[in-house]
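Peer 1: Each chain, letter by letter, is given below.
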Amino acid sequence: MNAQETAELLQSLLFALRDDVKPDLTSANARHRAELIDMLLVRMATELESSENKGDATPALSPQLVDNLVSAKAADVYQQAQVEKTISAFAASEKKRLNNLEARLAEISARQAATGGSGEELHIPKEQFTAYLRKRFPDDPDLEVSAITVIPGGRSKGTLLLNTRGKDGTREIVIRLDFSSMVTGVSVAYEFPVATALYEAGVPVPEPLWLEEKSDITGGAFVAYAKVPGSAMGTLFGTDASPEFAKEYARVLAQVHSIDVVQTGLSSKLTWGNADNPARAMVNSFYERYRRELPRLPLLDTAFAWLYLQLDKIGNRRALVHGDAGLHNTLGDEGKLSALLDWELAHAGHPAEDLCYCKQVVESVLPWEEFMRAYQDAGGCALSQGEMAFFSVWRSLQLAIQCLGTRQMFTSGLDKDLRIAAIGYNTLPKFLNMLATDLATFSAR
Amino acid sequence: MDSKVLTEALRSLLLAVRQDIKPDLSSAQAQSRADMIDMVLARLATEVDVAGSAGDPAPSPVSKEELDALHKAVAPDINKEAELHGKIATFAAAEQARRSAIENRLAELSKVAAVEEQSSDNKPLPKEFFTEYLRKKFPEKAATEVTKVTVIPGGRSKGTILLDLEGPDGPDAIVIRRDFSVNTTGVSVTYEYPIIEALFKAGVAVPEPRWLEEDTSVIGGAFIGFSRIPGKAMGTLFQSDAPPGFIKNFAATLARMHALDIDKAGIGDKLKWGSAEHPVRAMLDDYYQDYINDVPPTAIMDAAFAWLYLQLDKIGNQRTLVHGDAGLHNTMGDGDTFTGMLDWEFSHAGDPAEDLTYHKHLIEKLLPWDEFMAAYKANGGQDVSEIRLQFFTIWRSVLLGVMMGRATNMFYKGINHDLRIATIGLNSFPRIMNDLARELARFTQA
Numbered sequence: 001m002n003a004q005e006t007a008e009l010l011q012s013l014l015f016a017l018r019d020d021v022k023p024d025l026t027s028a029n030a031r032h033r034a035e036l037i038d039m040l041l042v043r044m045a046t047e048l049e050s051s052e053n054k055g056d057a058t059p060a061l062s063p064q065l066v067d068n069l070v071s072a073k074a075a076d077v078y079q080q081a082q083v084e085k086t087i088s089a090f091a092a093s094e095k096k097r098l099n100n101l102e103a104r105l106a107e108i109s110a111r112q113a114a115t116g117g118s119g120e121e122l123h124i125p126k127e128q129f130t131a132y133l134r135k136r137f138p139d140d141p142d143l144e145v146s147a148i149t150v151i152p153g154g155r156s157k158g159t160l161l162l163n164t165r166g167k168d169g170t171r172e173i174v175i176r177l178d179f180s181s182m183v184t185g186v187s188v189a190y191e192f193p194v195a196t197a198l199y200e201a202g203v204p205v206p207e208p209l210w211l212e213e214k215s216d217i218t219g220g221a222f223v224a225y226a227k228v229p230g231s232a233m234g235t236l237f238g239t240d241a242s243p244e245f246a247k248e249y250a251r252v253l254a255q256v257h258s259i260d261v262v263q264t265g266l267s268s269k270l271t272w273g274n275a276d277n278p279a280r281a282m283v284n285s286f287y288e289r290y291r292r293e294l295p296r297l298p299l300l301d302t303a304f305a306w307l308y309l310q311l312d313k314i315g316n317r318r319a320l321v322h323g324d325a326g327l328h329n330t331l332g333d334e335g336k337l338s339a340l341l342d343w344e345l346a347h348a349g350h351p352a353e354d355l356c357y358c359k360q361v362v363e364s365v366l367p368w369e370e371f372m373r374a375y376q377d378a379g380g381c382a383l384s385q386g387e388m389a390f391f392s393v394w395r396s397l398q399l400a401i402q403c404l405g406t407r408q409m410f411t412s413g414l415d416k417d418l419r420i421a422a423i424g425y426n427t428l429p430k431f432l433n434m435l436a437t438d439l440a441t442f443s444a445r
Numbered sequence: 001m002d003s004k005v006l007t008e009a010l011r012s013l014l015l016a017v018r019q020d021i022k023p024d025l026s027s028a029q030a031q032s033r034a035d036m037i038d039m040v041l042a043r044l045a046t047e048v049d050v051a052g053s054a055g056d057p058a059p060s061p062v063s064k065e066e067l068d069a070l071h072k073a074v075a076p077d078i079n080k081e082a083e084l085h086g087k088i089a090t091f092a093a094a095e096q097a098r099r100s101a102i103e104n105r106l107a108e109l110s111k112v113a114a115v116e117e118q119s120s121d122n123k124p125l126p127k128e129f130f131t132e133y134l135r136k137k138f139p140e141k142a143a144t145e146v147t148k149v150t151v152i153p154g155g156r157s158k159g160t161i162l163l164d165l166e167g168p169d170g171p172d173a174i175v176i177r178r179d180f181s182v183n184t185t186g187v188s189v190t191y192e193y194p195i196i197e198a199l200f201k202a203g204v205a206v207p208e209p210r211w212l213e214e215d216t217s218v219i220g221g222a223f224i225g226f227s228r229i230p231g232k233a234m235g236t237l238f239q240s241d242a243p244p245g246f247i248k249n250f251a252a253t254l255a256r257m258h259a260l261d262i263d264k265a266g267i268g269d270k271l272k273w274g275s276a277e278h279p280v281r282a283m284l285d286d287y288y289q290d291y292i293n294d295v296p297p298t299a300i301m302d303a304a305f306a307w308l309y310l311q312l313d314k315i316g317n318q319r320t321l322v323h324g325d326a327g328l329h330n331t332m333g334d335g336d337t338f339t340g341m342l343d344w345e346f347s348h349a350g351d352p353a354e355d356l357t358y359h360k361h362l363i364e365k366l367l368p369w370d371e372f373m374a375a376y377k378a379n380g381g382q383d384v385s386e387i388r389l390q391f392f393t394i395w396r397s398v399l400l401g402v403m404m405g406r407a408t409n410m411f412y413k414g415i416n417h418d419l420r421i422a423t424i425g426l427n428s429f430p431r432i433m434n435d436l437a438r439e440l441a442r443f444t445q446a
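Sequence order for the protein chains is G and C. Numbering of the first sequence is given in our numbering, commencing with residue 1 and proceeding in unit increments. Numbering of the second sequence is given in our numbering, commencing with residue 1 and proceeding in unit increments.
The set of hints was computed from the structure by calculation and includes no laboratory data. In this text, a Cβ means the ideal position worked out from N, Cα and C, and glycines have one as well. You may find that some hints are simply not true.
Restraint-style ranges between C-beta atoms, simulated for each label pair [as the list claims (entries may be wrong)]: (1) C:101 / G:263: 37 to 43 Å; (2) G:285 / C:124: 46 to 52 Å; (3) C:101 / G:386: 25 to 31 Å; (4) C:217 / G:82: 54 to 60 Å; (5) G:199 / C:69: 52 to 58 Å; (6) C:292 / G:31: 33 to 39 Å; (7) G:263 / C:59: 47 to 53 Å; (8) C:69 / G:251: 26 to 32 Å; (9) C:59 / G:238: 32 to 38 Å; (10) G:126 / C:28: 17 to 23 Å; (11) G:35 / C:141: 37 to 43 Å; (12) C:264 / G:35: 55 to 61 Å; (13) C:101 / G:31: 21 to 27 Å.
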């Protein structure tokens, strides 16, 4: 991280502090401390930014000379004039340098967070949605939206909860919509047929109600789902799900992986669904994006090389893979798995991908053998050592590439929000560390 | 800012976010944003810290061409493949060691809670505590009851606590002025007590000092109890919206204070430099020593000290009571009425021009300088020569530079890493140096 990058990160912190944290403070002490934090962040950002263009400093006085003056060794008149001249020249140059720095500081302090960053939430008046729904369902002229709640979070998609009242009573509808600038580049329109096929196959997913390809209200596509009760059962890094829940999750994954993508007609709609070797096509597509758009890192180069060297040992399975199959995408309701969400990264590929994806978090609550037993009992296939190794490395590589893309958004100035900064500068190194660990483990064999 | 200072500054920010900010948040959004701030600060502090020590990443063991060949599914021959495997394994092991060192460091930092030593000293003291203290201190007023304790945040060197109390003689309002446990100025409230007492007796507008508590174990530092005076602070170190009438009364107060006969008032030898032959030189010598001992060497400070010494012969050896921090931030008022001059910790014997110069740039924005000086003289003040004005203009920045530079040093040397010290040392100090360079350039170019 160079000084410039550090300075930019500090500014993201500053804006988040000003926009999100300060307004929520109530105690005088906390507010005072927040002012100090603000002040210091501005100062550090300025000094770091300016550290690279220092310019030449005028030589200062010799300490000896000052000491002589202190001990009152009066210099002769000629010498005194010389000293005064040196002081004058030095003061003039310091004045210029320091004035520039303070002016820059004032500028940074006055700077506002760029608008349009993804930190902004969606606020859509309910009247607009009411009008939209009445047009969509002409047979229900009194249909109305009584409340809209923004569900926070979501890296690439926005989520709204609509409470509606119509001729069949009240209803809760979840709207999953595309943000204008998408981190993943996949539209919700892609996941609609996938979710529909899954729902029809009896997999616990929210019932997809309809797809709106181009909405005037949200400015992009959205999918409407029936709301499913429950709450997210973990994060990408941990979970507090019960062992029983984890087993149920294994069974659901087996169910997903056993869907015949050809018979259901999904293969032509899925990414890499028509590739000779979906796993290779997937690695290729990430590699090409990496080479095209992202800064090269020796670790990523090496991980790709290793994956390519293993690829022959990986079959060309063409199952439906969730692609982001962590417990953070499961909903649990009173201990039961009520839904598996977020199908935007679903694609054709090897089921081992989903299993390796969740392995680390699952193992924190259930021995892996038991998870795999539940998976196999529900129709899933066993995994080979090679497949496990391949998709473990793949998981951290893939997450690292996504984070690197996010960091690119930050460095290129596309989105300077703190969330983007946090992914690009904090989550990325975590995944790189994970990748180094996985690669060290598996390449040593 | 080198990487060590940067690391420490980031840690100070991190601890302040954890200790002072997070506990005060209530909305989920603000909490999640504060968590992100925490996370990124911890990351930055770690990365900056290990940047030198963890070593650079090793170069990639596969060439771009090799990688592209693999991508295009051109299989290397068996020998080459084994070699490549070996190189990958070696590289991955080194990367793992390097990266896990960073992450372990980060995990350690993430666990650091509010255990580091504080100088914020703003921990709440309950009213029962003060009730008990006052009853013991003043047994004749055993019925005293503290009804409210208000801690005023801020305060760079001293803390302020307001006490509302019900006593046998009715309600009372006390201001506690306390030493912090870590003191950036090095002057205790015990020094200012007799001075304020003398001023109060002489009728100068200061709050009435009621008692001095020298026992530092009571609240972690000596303190003075004052009667609370009406009015509000009439400005900060940087700005003020005081009316012209108030400024004139401020000038009058300064004149009365400078007219105090310090020997007759019995504080002549209690005052700093009160016994020196040439108080201004003595002051300059002392601060130069402090600068050499406690402040990181700064070229512009060297130049300023040299200039001050060169001017010293033109400055007389006056020996009046000087407030030493006579800015509008230390005045209390209500409209035009001047209710009190606060904060006497820097008072000393010296040249009154020092006080007049201290806030000149701010006063001039509120009242023409001539009118200010007219009010000063009308109340017994003496005229001040141009060279004295210049001398003490530079002096003010040098003085502030030494005081703030001390915080810089405390921070650099790891004596104290609290956010308060960090902001003084890393933000206020460079600001003052900017002022100093500007003033010195102006006076030396003339």
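Peer 1: Give a verdict on every hint.
Peer 2: Here is how each hint holds up against the structure:
Evaluation of the 37 to 43 Å hint for residue 101 (chain C) and residue 263 (chain G) yields a failure: the beta carbon distance comes to about 51 Å. Distance hint for residue 285 (chain G) and residue 124 (chain C): a CB-CB separation of about 59 Å, inconsistent with the stated range 46 to 52 Å. Roughly 30 Å separates the CB atoms of residue 101 (chain C) and residue 386 (chain G), a value that falls within the hinted 25 to 31 Å. Under the hint 54 to 60 Å, the C-beta atoms of residue 217 (chain C) and residue 82 (chain G), about 56 Å apart, fit the expected range.
Between residue 199 (chain G) and residue 69 (chain C) the CB atoms are about 44 Å apart, so this pair departs from the stated range of 52 to 58 Å. Under the hint 33 to 39 Å, the C-beta atoms of residue 292 (chain C) and residue 31 (chain G), about 38 Å apart, fit the expected range. In this structure the supplied range 47 to 53 Å holds for residue 263 (chain G) paired with residue 59 (chain C), their Cβ-Cβ distance being about 49 Å. Against the hinted window of 26 to 32 Å, the Cβ-Cβ separation of residue 69 (chain C) and residue 251 (chain G) comes to about 42 Å, which falls outside the hint.
A C-beta distance of roughly 35 Å is found between residue 59 (chain C) and residue 238 (chain G), which places it inside the suggested range of 32 to 38 Å. A C-beta distance of roughly 22 Å is found between residue 126 (chain G) and residue 28 (chain C), which places it inside the suggested range of 17 to 23 Å. For residue 35 (chain G) and residue 141 (chain C), the hinted distance range of 37 to 43 Å is satisfied, since their beta carbons lie about 39 Å from each other. The hint said 55 to 61 Å for the Cβ distance between residue 264 (chain C) and residue 35 (chain G), and at roughly 44 Å that hint is violated.
Between residue 101 (chain C) and residue 31 (chain G) the beta carbon distance is about 38 Å. The supplied range of 21 to 27 Å is therefore violated.
In summary, the numbered hints that this structure violates are 1, 2, 5, 8, 12, 13.
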